[in-house]
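The whole structure should be built from the sequences, with the hints applied where relevant.
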Amino acid sequence: MDFKNSAFMYILGIAVGAFVIAQSVYFLVKAIRRSRELGITGTVIRRTITSSAVFAVLPSVSILLGLITLSSTLGLPLPWIRLSVLGAVTYELPAATVALNAIGESISMPVSNPAAFNTVAWVMTLGCITPLIIIPLFLKKILGGVHKLRKRDTHWGDLFLTALFLGMISAFLGMGISDGLLSILTLLTSAAIMGVCGVFVKVLKVRWLENFALPISMLGAMGLAILYAELLPAELLPAGLWG
Amino acid sequence: MKEKKEYSVQVDAYGRAWMLAALAVMLLVPISMCIYFGVWPNVLDVLAGLLGVAPIYWVVCSIEVFTYAPMLGSGGTYLAFVTGNITNLKAPAAINAMEAAKVKPGSQEGEVISTIAIATTSIVTTIILAAGVFLFAQMAPILNAPILQPAFKMILPALFGGLGVVYVAKNWKLAIAPLVVMIALFIAVPSLASSVSVLVPVGALIAIGAARLLYKKGLV
Numbered sequence: 000m001d002f003k004n005s006a007f008m009y010i011l012g013i014a015v016g017a018f019v020i021a022q023s024v025y026f027l028v029k030a031i032r033r034s035r036e037l038g039i040t041g042t043v044i045r046r047t048i049t050s051s052a053v054f055a056v057l058p059s060v061s062i063l064l065g066l067i068t069l070s071s072t073l074g075l076p077l078p079w080i081r082l083s084v085l086g087a088v089t090y091e092l093p094a095a096t097v098a099l100n101a102i103g104e105s106i107s108m109p110v111s112n113p114a115a116f117n118t119v120a121w122v123m124t125l126g127c128i129t130p131l132i133i134i135p136l137f138l139k140k141i142l143g144g145v146h147k148l149r150k151r152d153t154h155w156g157d158l159f160l161t162a163l164f165l166g167m168i169s170a171f172l173g174m175g176i177s178d179g180l181l182s183i184l185t186l187l188t189s190a191a192i193m194g195v196c197g198v199f200v201k202v203l204k205v206r207w208l209e210n211f212a213l214p215i216s217m218l219g220a221m222g223l224a225i226l227y228a229e230l231l232p233a234e235l236l237p238a239g240l241w242g
Numbered sequence: 000m001k002e003k004k005e006y007s008v009q010v011d012a013y014g015r016a017w018m019l020a021a022l023a024v025m026l027l028v029p030i031s032m033c034i035y036f037g038v039w040p041n042v043l044d045v046l047a048g049l050l051g052v053a054p055i056y057w058v059v060c061s062i063e064v065f066t067y068a069p070m071l072g073s074g075g076t077y078l079a080f081v082t083g084n085i086t087n088l089k090a091p092a093a094i095n096a097m098e099a100a101k102v103k104p105g106s107q108e109g110e111v112i113s114t115i116a117i118a119t120t121s122i123v124t125t126i127i128l129a130a131g132v133f134l135f136a137q138m139a140p141i142l143n144a145p146i147l148q149p150a151f152k153m154i155l156p157a158l159f160g161g162l163g164v165v166y167v168a169k170n171w172k173l174a175i176a177p178l179v180v181m182i183a184l185f186i187a188v189p190s191l192a193s194s195v196s197v198l199v200p201v202g203a204l205i206a207i208g209a210a211r212l213l214y215k216k217g218l219v
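Chains as they are written, first to last, in numbering that gives the first Met the number 0: chain U, 0 to 242; chain S, 0 to 219.
Computed list of lysine-lysine pairs in BS3-like fashion (alpha-carbon distance at most 27 angstroms, straight line):
id: 1; chain 1: U; residue 1: K147; chain 2: S; residue 2: K215
id: 2; chain 1: S; residue 1: K169; chain 2: U; residue 2: K150
id: 3; chain 1: S; residue 1: K216; chain 2: S; residue 2: K172
id: 4; chain 1: S; residue 1: K103; chain 2: U; residue 2: K150
id: 5; chain 1: S; residue 1: K103; chain 2: S; residue 2: K216
Far from chain S by the CB rule (all over 10 angstroms, computed), these chain U residues:
id: 6; residue: G41
id: 7; residue: S105
id: 8; residue: I106
id: 9; residue: S107
id: 10; residue: M108
id: 11; residue: P109
id: 12; residue: S111
id: 13; residue: R151
id: 14; residue: V198
id: 15; residue: F199
id: 16; residue: V202
id: 17; residue: L203
id: 18; residue: K204
id: 19; residue: P232
id: 20; residue: E234
Now the stretches of chain U that chain S is said to cover, found in silico as 3 or more residues with beta-carbon under 8 angstroms:
id: 21; stretch: 23-30
id: 22; stretch: 53-60
id: 23; stretch: 63-71
id: 24; stretch: 83-94
id: 25; stretch: 122-133
id: 26; stretch: 165-179
Note that these hints are calculated values from the structure, not bench results. Every residue, glycine too, gets a C-beta built ideally from N, C-alpha and C.
Rendered as structure tokens:
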């Protein structure tokens, strides 16, 4: 077995995965205990857990695809590790590409030796490390500021946080609309399915649907994206769509 | 009030401890690789690689902390920034969960619901990635099937279409300005799509500015 997929690398991957699970379970337990103190019902907690778990499946599969993309160059365990802790494909792929170029190798070829492999691992790790330093130093101040804002003027505090959400959503909607017809159709389909779910919840009182409306909208829109891609002329489709 | 302070002090204490542990785990991975393989990289090679990504990503990551932390709350932020994939998974999951539970971001209830959603998604992602790694031979051909590629490449429009319609419909007055500016910007410069995370704080600043204006005029 080559060094990229050695048993040692898998052991590292398992250790990192176990760390992430342990931290998540710890925070989950603490938050559930706190929610009981706040009088949030068990039903709301269970629904939050179930709907978040269902919602996470599709984006997680998409992250897995990124892992598979990187695996041809870096083997399976290193992309697994990097995408488990502070990772995102949008960062890891360029980081690996730049690191390999710096040592005269290419992302389109498997890494040839452990020295190059270690260089890539260091660049991928150090390139995205800032939140782990900034958050312990500044989070208290950031959230203290938000708390003061809400305390001084609750209505403006709520508007401020809603505006933050809308800023993020607007950037992604803008990107979706500018990214070609397939992207626009997918975006509108997801919005339309969400609207239909809204009718079922609000008018027809199908309450359970409320927690699953987003994953259903995503799945429906992604399924129809396949159909749209089949029906649309090739010149209207994004380059490299099929592979 | 005292109770709330005690809880936030607690979250801050264990959040920092976990974050420092995560920093150690992250650094131990390449260190142990170097020891195990018996070879350390040339520092200049690492610096050359970092020079290509760090100036952008350090800035983007720093801005992300200031943009997402108020939305996610302290527990959610400590967890989300360790497990990553914030824009495409953790933040939407937290927003969706708070919306469904009818709690406000920034409130005590919002804080715990956001943390529960982020913890759950982190566990699911970790399990799916592990399953994908250990069942690679079985899963890779299915996931790489050409017929499925349009679905996976359209995951962000599928996610933000559904999420966006709820928020935009509920807050359309606040949404107009950032939406118009962002759509115009992306249509004028389509290549910006690859750096959308840089534009999230820009969209947030426009939305906050517009919200302040509408608030001052008594329109929201």
